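Could you build the full structure based on these sequences and the hints that come with them?
Residue numbers (my numbering), protein chains in the order written: chain W, 1 to 277; chain V, 1 to 202.
For the record, the hints were derived by calculation from the structure and aren't laboratory data. On a predicted model such as this, the values are computed, not experimentally measured, just so you know. Mixed in with the good hints, there may be bad ones.
[Claimed, not checked] Calculated pairs, DSS-like style, for lysine-lysine (alpha carbon to alpha carbon, straight line, at most 25 angstroms):
#1 V:Lys-34 <-> W:Lys-162
#2 W:Lys-207 <-> W:Lys-194
#3 W:Lys-122 <-> V:Lys-39
#4 V:Lys-128 <-> W:Lys-164
#5 V:Lys-34 <-> W:Lys-122
#6 W:Lys-276 <-> W:Lys-91
#7 W:Lys-91 <-> W:Lys-162
#8 V:Lys-144 <-> V:Lys-128
#9 W:Lys-194 <-> V:Lys-128
#10 V:Lys-159 <-> W:Lys-194
#11 W:Lys-162 <-> V:Lys-39
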Amino acid sequence: MKLPIIGAAALAAVMTVAAGPLTAQSPPQDESEKEIERYRQMLSDPFSNPGFLAVDRGEALWAEKRGAKNVSLEGCDLGEGPGKLEGAYAKLPRYFADADRVMDTEQRLLWCMDKLQGLDTKDVVQRRFSGPARASDMEDLVAFIANKSSEMTIQPQLSHPKEKEMAAVGEALFYTRGGVNDFSCATCHAEEGKRIRLQGLPNLSVKGKTAQETMGSWPTYRVSQSALRTMQHRLWDCYRQQRWPVPEYGSDALTALTVFLQKQAEGGEIKVPSIKR
Amino acid sequence: MMRTVISLAALLVAAGTAAAQERPPQAVIDAYLKATFGKASAEWQARITPDESLSVCNATRNNPSSAQGEAMMKREQARVVYPADGKFLGDWKKGYQVANNGRGGQFSDPPGTVSGGNCFACHQLDPKEVSYGTLGPSLAAYGKDRKYDPATIKDAYTKIYNSMAVVPCSNMPRFGVNKVLDEQQIKDVMAYLFDPESPVNK
Chain W
1 MKLPIIGAAA
11 LAAVMTVAAG
21 PLTAQSPPQD
31 ESEKEIERYR
41 QMLSDPFSNP
51 GFLAVDRGEA
61 LWAEKRGAKN
71 VSLEGCDLGE
81 GPGKLEGAYA
91 KLPRYFADAD
101 RVMDTEQRLL
111 WCMDKLQGLD
121 TKDVVQRRFS
131 GPARASDMED
141 LVAFIANKSS
151 EMTIQPQLSH
161 PKEKEMAAVG
171 EALFYTRGGV
181 NDFSCATCHA
191 EEGKRIRLQG
201 LPNLSVKGKT
211 AQETMGSWPT
221 YRVSQSALRT
231 MQHRLWDCYR
241 QQRWPVPEYG
251 SDALTALTVF
261 LQKQAEGGEI
271 KVPSIKR
Chain V
1 MMRTVISLAA
11 LLVAAGTAAA
21 QERPPQAVID
31 AYLKATFGKA
41 SAEWQARITP
51 DESLSVCNAT
61 RNNPSSAQGE
71 AMMKREQARV
81 VYPADGKFLG
91 DWKKGYQVAN
101 NGRGGQFSDP
111 PGTVSGGNCF
121 ACHQLDPKEV
131 SYGTLGPSLA
141 AYGKDRKYDP
151 ATIKDAYTKI
161 YNSMAVVPCS
171 NMPRFGVNKV
181 LDEQQIKDVM
191 AYLFDPESPV
201 NK
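So, in structure tokens, the structure goes:
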């Protein structure tokens with residue numbers, strides 16, 4: 001249990017160099033890719049993927065009584081019924097009648113914390129992304145919930161008019177350019193086999209294998225950040241690279257993009273938490 | 001022959017309409033943008049408010065009609081400011097720094113960060129540099145291949161200052177127009193492309 005984590009730290013040091021695709025000079029990709037492949041094999045044992053520590057923490061948080069009402073999240077309905085977790089993540093984001101909104105996992109969790117637990121979510125949102133000395137309830141809970149859909153397929157929910165609107169807006173946002181560099185998601189993710197510096201760029205503009213493998217692998221343990229990350233963090237980081245303003249956590253444009261990306265990835269197998277550079 | 005051409009044109013129009021119908025009304029899209037970016041400062045809001053050309057690129061997914069494209073190139077050409085001293089080439093060594101620097105413009109950048117051109121993110125330049133991206137064409141031996149021709153030098157300045165004056169809805173940033181690079185930085189990066197001593201031409 002200890003060894004792989006030390007390995008993670010060491011690899012993180014190597015990989016941090018490659019982590020700044022837009023700035024730093026990276027070592028040749030072949031080397032880093034080989035190293036990651038070796039690392040992946042080492043971690044094929046679920047008990048040594050550090051992402052599973054987040055799953056465990058999330059499981060404890062799910063059952064912990066908190067908030068003004070002193071209840072756990074076990075009564076939270078993620079779309080499959082109160083407390084039913086199996087397969088819920090595979091169908092998120094989706095429309096929730098009680099909130100009359102389409103929500104992703106994070107938005108729904110915040111809703112349940114507020115309505116069910118009477119928990120002040122300000123502190124939870126403050127800790128939305130974990131850091132060296134700061135745990136994130138959201139990352140841990142999403143890891144736990146997503147893991148309950150591992151080995152299932154991505155099933156985008158597109159029957160409700162609001163779900164349809166989300167998918168259409170998400171697609172439009174994917175092609176919306178702006179910021180000082182005139183970038184949109186499509187600048188970096190709409191062609192096959194492109195890279196920025198040495199960083200490979202998945203083409204997410206078409207349905208199929210690339211989109212499936214991409215979306216089926218989040219949340220993921222990011223070795224370079226020594227942290228479990230969810231799609232909220234990925235999109236936050238891509239909007240940063242896009243030179244856009246800070247996106248509001250758990251907000252509609254991010255959910256719309258996620259619905260669109262899930263649509264591109266329909267039928268893909270979920271295998272989470274995965275492990276990435 | 002004539003009929004084939006007409007039916008093809010009709011088809012293209014039909015396809016265009018279908019794509020346009022899929023795109024939700026701009027007001028709906030804007031409501032989503034407001035929910036997610038509405039708290040940003042006025043300066044940041046201005047950065048994501050599309051100008052006339054970007055609005056066309058967004059609505060057509062970078063495939064403007066030829067009329068839209070013509071109008072765009074004319075509009076963008078008018079925004080290019082050429083150096084008052086008539087000199088296009090600065091210092092290639094400083095130009096390398098500009099090409100290699102990807103900082104600037106990100107919300108994580110500290111205030112006062114000097115922006116780079118980040119050319120290596122998308123282009124091969126110095127053939128000895130292995131860490132380059134492929135979103136744009138290779139620019140290795142750019143000046144040498146063009147025999148350092150003055151007309152080409154001016155065209156390249158135009159391209160870097162305002163990529164859309166040359167290619168409508170180009171994916172390349174409009175470095176001068178968007179004030180990412182100042183005139184001196186553009187001259188320096190120009191020298192990196194066109195100085196015979198630059199590693200790009202070695």
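List of violated hint numbers, smallest to largest: 4
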